[in-house]
Amino acid sequence: MATVTINGKEITVEDGTLILDAARQAGFEIPTFCYQAELSRLGSCRMCLVEIEGQRKLQPSCVTPVMHGMNIWTDSPSVVSAREAMLEFLLSNHALDCPVCDKGGECELQDMVYKYGPRKGRFQEVKNRFHDRDYVLSPVIVKNSNRCVQCMRCVRVCREVVGVGVLGAIGRGHKQEETSFLRQQLDCDHDGNCIEVCPVGCFMRRPYRYKARPWDLTRAMSICPYCGTGCRFSIQERDGVVLRAVAMHEVGVNGITLCARGRFGYDFVNSKERLKTPLVKRNGRFEPVTWHDAMEMIKERLGTLQGERIGAIASPRLTNEELFLFQRFVREVLKSPNIDSDPRWNDTTVEAFVSVTGIPEGGTSLFDCVGADTVFIIGGQVSEENPVVDYTIRRISSERRMNIIIGSPRAMKLDASAGILLRHGAGCEDSLLIALACILTEESGLQDGKALLGDLSKEGFIEQAGVAEDDLRACAKVLVGSNSIGIFAGTSLLRFSSLRGLHLLRTVLERLKKALFIMPLLDRCNQRGAWDMGVHPGFGPGYRGVERRGLGCDGILEGVVKGEIDALYIVGEDLVSAYPDGEFVESALSKAGFVVVQDAFLTRTARFADVVLPSAVFAEKDGTFTNQEGRVQAISKLLPPPGEAKTDLEIISILSAILGGAFDRTESKEVFDTIKETIDMYRDVELRDEPSQVSLVKGSGAVFRREEPPFSKVVYGEDREYPFVLITGNHLFHSGTFSLRSDILCGLLGEGIVEMNREDAESLGVSEGEKVRVRGRGYEAFVKVRIRKDGLRGVVFVPENFEDTPVNRFLKRGEKVARVSIQKPS
Amino acid sequence: MEKVLLKNLGKPNSHKIDTYIQGGGYRAIQEALRHTPDTIIQMVKDSGLRGRGGAGFSTGLKWSFIPKDPTVPKFLCCNADEGEPGTFKDRGIIDNDPHLLLEGMMIASYAIGANTAYIYIRGEFAFGARRLEEAIKEAYERGYLGRNIFGSDFSLDIHVHRGWGAYICGEETALLESIEGYRGQPRIKPPFPAISGLYGKPTVINNVETLSCLPAIVLKGPKWFASIGPEKSPGPKIYCVSGHVKRPGLYELPMGTSARELIYEHCGGIRDDRRLKAVIPGGVSAPMLSADEVDTPLDFDSLAAKKSMLGSGAVIVMDETTCMVKVAYIILRFFSHESCGKCTPCREGTIWLTKILKRIEYGEGRTGDVELLESLCSNIFGRTFCPLGDGAVMALRGVLKHFRDEFVYHVENKRCMV
Amino acid sequence: MLPERLREEIRAVEKRYSTKRSAVMEALRIVQREKGYIEKEDMEEIACMLGMRPVSVNEVTAFYTMYNIQPVGRYHIQVCRNISCSLLGAEHLISYMERLLNIKVGETTQDGKFTLSTVECLGSCGTAPMMQINDTYYENLTEERIEEILKGLE
Ligand SMILES: Cc1cc2nc3c(=O)[nH]c(=O)nc-3n(C[C@H](O)[C@H](O)[C@H](O)COP(=O)(O)O)c2cc1C
Ligand code: SF4
Ligand code: FES
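The listed protein sequences correspond, in order, to chains D, H and C. First residue of the first sequence? That's 0 in numbering that gives the first Met the number 0, and the numbers climb one at a time after it. First residue of the second sequence? That's 0 in numbering that gives the first Met the number 0, and the numbers climb one at a time after it. First residue of the third sequence? That's 0 in numbering that gives the first Met the number 0, and the numbers climb one at a time after it.
For the record, the hints were derived by calculation from the structure and aren't laboratory data. Be aware that a few hints might be false.
Covered stretches of chain C, as calculated for chain H (at least 3 residues, CB under 8 Å) [as the list claims (entries may be wrong)]: (1) 17 to 27; (2) 58 to 67; (3) 73 to 82; (4) 116 to 129.
Every residue gets a Cβ at the ideal spot worked out from N, C-alpha and C, and that includes glycine.
Taking the hints into account, I'd like the entire structure generated from these sequences.
Below you can see the structure in the form of structure tokens.
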């Protein structure tokens, strides 16, 4: 600890604390431009100069650590004059076009000049100009270099956090301009983090351009509705139109960062295609009806059915409150045990996943997981599915240099930060992990290792996984040498796996007394909440057992086909797009006696409905989401839903009332209180803006099975006719099919692609951007090729998001991987 | 004084290894290899050698900051960026006696435990770069470089890295950035290069002339070196004289030779026997001396006492016909051209100063311009990231200190006084 | 694509350093030596070879002033205009050359033979005024010497 005096006030801080931070702790403000806590230290703008007794020169407080006994002045005459001088210099070549600058009103330069600045400009020369008109750097980014203050935050965030490094400082001295290669359009993640960190109006949001002034906007704190990372942001609207989403420093796990979906995917809220009235199908056509009529019809058709003849599926994008009430409605009012959330996952696999990743045991903070000696990522395409997790890992690893191991058949951006890459076969996560567990027992000399493994032996699994034994051994050595290990377990484990491998690895690591943090990587914003709330046929709220196991999504559809289920109640989920075998869902839906779909859009699933109820989206409601860490965070209402649309919470409570089971507490806040009272995990949760341990859920206390999941091998054999294995997942710009309703995101990528390894593309003679025919048994699609350098040969990836390339058409029910052929169209 | 740095200048084939060896070359490194590295460091400390690149830091002391851990790779970088206007001494050594530098580098590398060394030579010195590459090749052929040199267990590789037009790369951390393939912008210190330098490894950066002193120190002993010139900054020094003198050029003289002696005795006095107006004693960053300060000894401490500095030892002589506004304009134009762009005061300040000076020089000065120049100088000075910006201010302040009236005259009369 | 010979040369340069990236300055110099200047494609190819982003190569070409990003004449005349040369009449010689070649500083003669530029100190102050044509220094210049030198160039 070091004790220093700042402006006469004594303060004791940790050794190595920057003067800037010490001063802030002591309550003194020091202005900064180039300093940004998340980025490498630069010390170049000289705004933060302070006086240190005994030192001839003023020192930059943003890079100078305190030393015991220092006597520091942050407001002495020389400091004040230096600040004023720096501002005068920055203004000398600054465009001063505030009246037409998008940043006006929230510009750091403006604010600082107001506070500390010279009152009069002495610069009378001709200003430097980099260009006459603003130029477009990306479909979402516009650039004006004439306003730049050269803080390099954009370049640094692009390199150090986002990891694409497509911005640079071009030129020298006063001619230096932060821009892209030859000012060309950027080939990047288009996440606009450069915009967020820019203190002035140099990088700007293109969709927001000239739409509003900051003081015209109404704001609400919310959470990104896409992946499970749960990034916090403020959404802002004017005249009923959502205009932007803004990340905020020190708020949320994401801090200043967001991915493209988070920052630009908000515009689906205002989509023209939003449903505004209830619809009822008459003679094959939808007709708008009143809520009353729609409800009457539902009462008539559902009210008479026996519970088990009804299946209910809810989207993991609903709030905890809605999911909780949904589950009560289904179980208590409809009296049906057949309840599930995401149709992509098999309910027993979900149970195994939940158990192995320790979800019922409480939350795992992202920062604990990344803070481990070794970080192991398996089954998840973090860079695309959970971009902000990717940023966090990259950013922290550049300081901490922990070991990073990535197991994935696809190449990803984070590979560049990894020490060991395991390119395993598509869908072979399980084999890989089993092989690793076997080798780990050898390497660590674990006492009862043999007993643990039973009849498993590494050989077959290594071969199945398709990785080199040496790499696995290297991996095992790293694990043995680490005290703490963070495992990120992605959704491929849900897609393909039996979870036996992860179970084994976990058991071995626990025996080795490693501090273990396991965090699931989920691709829906409230997937974890849906499970916590008990939207699952096998467990209730808080993972309590259920009296009678119901059917999961797959079972429900099968039930419909077999005539055992008559009615479906689907909330916010697009089965036709998501369930792995699109044809099968369509045939099931058309056989169902009565289908109610509650959604914001007329999805492909909704088209099969008899009654469609228009619902609200995240910006239009209050509630909470639980992210993949188990962090409970609030969203708040910015706008009313369009037309007559209602929140799912309202709809569910009206439905229960109509069907004779009115709940007493149905306001979002009240339901949250009920959740806290009934689900132990949530009892002590506090809703916070900053990432805090108290917003993580606790252990459920529920006895949850941890028996060994069976191993089932993924078989995709040889097939000359269909030489490629097809895998899927989310694309960087899309998450589910929701994002297809965002014009901005569709502007970044609006149609399906097929991603393949460079050598494969070369041997097929196809080049980047060329259209090819992807053919499977019974389905084919034409899509553009994206070439990736380091992916596995023989494996192609098609994102699951696009309606023009419905990947689920390539799959037959029960199949885990599809085989396809790729041809150049003749 | 017996010349040691420029002794081979003018000899036929002075750049060849055989000429160098005939003149007693490559004996010092063999001698050095018989001692421990620590002994060599101590020797250099005892000699009192101070860096000839500009800052005048004790070379032996700088070396002693290098961690001793043998498992950590270390680097030596020779600073041959020679960019300070007025300076051409390193080029003199490189073009004429490259083996002297190589031998110096071998001794330094051995002392600090570096097995790889780079010579960062400015891009314009194409001839010099070629000379160095040939010399390195010769040395490898003799087994003087590479594995186990002179049969010792010390190995050394030397590579030439060519700069490509950036004065700032003479600043030691910018030089490292440049070798690593980045833009040459200075790094934050601490950590100092001795702890974390090239590729994050302990690194020593020394000037060509500094390194070229080493063979003589090893052979003739630190006492001999320390006995030359002033006690606190001893040794032979190459002065680069340019401007209005009869015989400009390189002069190797004892440190502390006065400007008067240098100009009038060695350089034959002022061109056309005009009157001396001012002398820049250490490259353009060094504030100029007026004609009545011409007796100042040219060494680190004496010049510091006159609020100037020895810098690179580049002596620029100006006679009575010189327009000081133009001198100031040229110097500031240079600095604004070379400002790397990293920090605010230097990036914005030097170009602003240049614009004002240009105006004054072209007869478009405005009332208050001189005060504005002075105020901007105070706004820059002491607040820049590296010494480049300070250098620009020191230079301008130096001119203003002695010749402020010329600026005022320019502004008021829209023309020059001289 | 750069000729294999140059790619070989660049690969050899990489070996001198601990990182591939360190070879970027020399790689660009090699390209400029061969072609006279550096184009977009060259930057992209070098980026690819050295595992860099094109923008990072661009950062280098735009920081160091000796990279030509546009074609220059067969003879690139660079006249020093810094202090020592200026004291001895560099400006005068520059305008002399402008007249002689009938171009302004920064321009190239019609026939593509000469490009005239000014530069800051080239470290030849003791023999000022001076200029550099391609790789060669010409020192102690006078009008007559300049005329002679330019005449002597093919
Ligand atoms: C802007 C600037 C330019 C410099 N240029 C050079 C140079 O061209 N050559 C040089 O040897 N040192 C130069 N230096 C000094 C170096 O930073 C460094 O102090 C020197 O190379 C150390 O070597 P020495 O201890 O042998 O003098 C420069 C310093 C600054 C701040
Ligand atoms: S998509 Fe995921 S990572 Fe991106 S902003 Fe939203 S929650 Fe955060
Ligand atoms: S904030 Fe400290 S120098 Fe920029």
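Status of the hints after comparison with the structure:
1. 17 to 27: holds (count 9)
2. 58 to 67: Check passed, 7 qualifying residues.
3. 73 to 82: Our answer is that it holds, as 3 residues pass the Cβ test (under 8 Å) against chain H, meeting three.
4. 116 to 129: holds (count 10)
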